[in-house]
Amino acid sequence: MLKKIQAWIEKILSSGTRENQRPILKKHNESNIPGLYIIGDLAGAPVIKLAMEQGYNVVNYIASLPDARSPDSSVYDLIVVGAGAAGLNAALTAKDKGLRCIVLEKYKIANTIENFPEGKWVYAEPDEIPPKGKLWLDGATKEDLIKRWHQIVNQNQLEVHTEEPLEKLEKQNGIFEVATPKATYKAKRIILATGQRGNPRKLNVPGEEREHVYHQLYSPRKYHNENILVVGGGNSAVEAALTLCEQNKVYLSYRGSEFRRLFKDNERLLNQKVAEGKIELILNSNVVEFGEKEATLKIDKGGFEETRKVPYQHAFVLIGAELPKAFLKSLGIRLENEWEGSFWRAVALTLGTLFGLWIFKGHPQLFGQDLSFLPAWLGALLALGSVATLVRFGFKHDRYAWLGL
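Numbering-wise (the numbering used here), the sequence shown opens with residue 140 and increments by one.
Derived from the structure by calculation, the hints contain no laboratory data.
There could be a bad hint or two in this list.
What the hints assert, rightly or not - Using 25 Å as the maximum straight-line C-alpha spacing, the simulated DSS-like pairs for lysine-lysine come out as follows:
#, residue 1, residue 2
1, K437, K417
2, K281, K403
3, K166, K388
4, K341, K325
5, K325, K165
Work the whole structure out from these sequences, hints included.
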C-alpha cells in the first residue's frame, strides 16, 4: 500500500516535466492571457494544412467580436507574430475581414520551409480536409510553394516585417505593447504563430556535438556513396532517409516498433526502399553514442538488449523540436502540466493539519502550553479544513501542496 502511495505521489510530482508540453489554451486557441492566441506548431498543429486552418478559424472568431476593431489609429487590431503557414493565413484572413494587421517575423517569410532540403516535396495532407483561407496549398516542391506564397503576400499587400523578432510583450489597460529591436507597436490582440522548428530536439548522448552529426538536412545532393545514419520516426526523418538513399547507404534508426502518422506516400516509398535494400531499418533502437566513425545503438529484442555498431560518415538526428519554454514564459504564457505553488503556504497548512489532529486526539499540552480548553471538534475542523485546502491547491498545480499531504 505504501509503495502505491509513493508511486502516486511521484507521478504527480513528475507531471510537470513531461516532454511534450504545450501552452494551456482555452476555446478558440486563446492562451491564459486574454487577447493572446496561439496557433500552428506551438498549438499542436505541425501539419501545414492544419496550421493554416487554425489561423483562419481564430481570425474569423476575433473578427466576430464586438470590439475587434480599435477606434485608435495608433493601435492595430491584430499583430501576428510569425510568417509561416499559420501566421500568413491568419493575416490574409484578417485583411479580408477588414482588420488592421501587421506580421512580425524573426527571420524571413516561410522560414521553416526555406530550411527544408532542396527540392523537398511539401504535402497537402490530410487529403480529406480542404484548405481554408487564401494561402495556396497543394502538393509542390518547397521552391514552388515559397514562390507562390511570396506572390500571394505581395498581391494582398500584407504588411510583413521580416528580420524583426518579438522581444517583449506587455499588456496595459487592455492594449498590448509589442517591442522589437526596431520599434514598439500597439495592438488589441496578438496571434503567436512562431512555431518551434528553430529549436531542434537533441538526443543528449556522447558524441552528438561532433561536426558530422546534424539536426537539419539542407543539401542532400552533396552526399555521395557514403554511410549515413538517420535517427527519427516522423515524416522529416523518413523523407531525409528517402532522399539520401538514392546515392548513399542509409540506416534509419527509430526507437518505436512501428511508424505512426506518416504521410501515405512516405510510408509507401519507405517500404519500397527497404525492400530494395537502399534503406536498412533498425526499429526499437536508441543511439547511445556517436563515435568518430561508428554509432553505438541499443536495440530492444523483446526480453534482451543487443548492442550494435553502425558505420557512418554523417548522421542526421531528426526527432522533432523542443518547445521554446523560456520564450513563452517570458511572455507570461502558462504551459500544460506546469507546477506552481507556495512553499510557505503549504508549510502553514501542513502545520495546521498536524495541530488540528493534536487537539482532536485530546493532547492537553504542546510545547508546555495548555491546550485543554480547546474542544476536540475544533481540532477536527482545523485538520479537515487544512487538508481540504491542500487538496484544492494541489489540483491547481501547487507542487508543495502535494508534498504537504
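Status of each hint after checking the structure:
1. Pair hint K437 plus K417 holds up; C-alpha atoms about 22 Å apart against a cutoff of 25 Å.
2. In summary, the hint linking K281 to K403 is supported, as the alpha carbons are separated by about 19 Å, within the 25 Å threshold.
3. A C-alpha spacing of about 48 Å is found between K166 and K388, which places the hinted pair above 25 Å, so the restraint is violated.
4. At most 25 Å may separate the alpha-carbon atoms for a hinted pair to count; K341 and K325 exceed this at roughly 37 Å.
5. Proposed proximity of K325 and K165 is supported: the alpha carbons are some 24 Å apart, at most 25 Å.
Hint compliance for this structure: hints 3, 4 are broken, all remaining hints hold.
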